[in-house]
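Colleague: Sequence:
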Amino acid sequence: MERVLPDDVDYLRTLIANVVLIGEPSSREWVLVDAGVATFADTIMDFAKERHGSAPPRAIVLTHGHFDHVGSLRELLEAWPNVPVYAHEAELPYLTGRADYPEADPEVGGGLMARLSLLYPHKGIDLGDRVRALPEDGTVPGLPGWRWIHAPGHTKGQVALFREADRTLVAGDAFITVKQESAFAVLTQEKEIHGPPAYFTFDWDGARESVRRLAALEPQAAATGHGVPMGGDELRRGLGRLAEQFDRLAIPDNVLAKAKTRP
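All residue numbers for the sequence shown refer to our numbering, where the first residue is 173 and numbers rise by one.
Keep in mind the hints are simulated off the structure, nothing from the lab.
Treat the hints with care, since some could be wrong.
[Claimed, not checked] Mimicking DSS-like on lysine-lysine, the simulated pairs with C-alpha atoms at most 27 Å apart in a straight line are:
(1) 328 / 430
(2) 328 / 295
(3) 295 / 430
[Claimed, not checked] Label-pair distances were calculated between CB atoms; the ranges are:
(4) 226 / 428: 31 to 41 Å
(5) 307 / 227: 21 to 31 Å
(6) 419 / 254: 43 to 53 Å
Here a beta-carbon is modelled for each residue, glycine too, at the ideal position from N, C-alpha and C.
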């Protein structure tokens, strides 16, 4: 598969979700984005060691706090006791034990992953004082030249990361590059620009606006929370199409049907 990400950005798939490492290869200065599913801490650390030696990350930035993005976080923090964790202020209740996410909606359709989604953990976690809010000025700790962008919809406090210099985007689950509702698509990593995982998305107006906001950046390369990286014309065309036709392409039929019956 042709590499589309710049040399200082790489990703690792943890079963069903990705983590992203940002930092020049062989450099000891790097940042981890998200923490994947449970039981992958050793895999993540081994991958990081191949790129950055034994140096811990300068920070861990969470795009959001769903189970498949924080699953290995506790084990990583035990191994890296001085590494701070950052998330959007609106996501902090779910990361400090004060709130739980809504249960998944298995009726969204799309395949086995959606039908099984009621089994997915939705409880918040409590990181205590290990987690703090991202800076209000949009900067990303440990990543000069990058900025965070609030991209709610999938969760209240989801963020994406963007580097203007080369238009590289880390999108979280604001949009993804695989049909996450389908077990076959997840297994094969069949590539397509797709809206956020439908079974865990409950603010579709916010999700629509976030996709449009990110499409307007005209990213040249993107790493997403699920699926393989995408870049160039393929990314721009697919993301532009999703932004223009979001309701038809991303919002599940059961959600649209409920919206039509509201007074």
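Colleague: Taking the hints in turn, state whether each one holds.
Modeller: Status of the hints after comparison with the structure:
1. 328 / 430: holds (21 Å)
2. 328 / 295: Holds. Residue 328 to residue 295 sits at ~15 Å (cutoff 27 Å).
3. 295 / 430: holds (26 Å)
4. 226 / 428: 31 to 41 Å: violated (51 Å)
5. 307 / 227: 21 to 31 Å: Holds - the Cβ-Cβ distance for residue 307 and residue 227, about 23 Å, lies within 21 to 31 Å.
6. 419 / 254: 43 to 53 Å: holds (46 Å)
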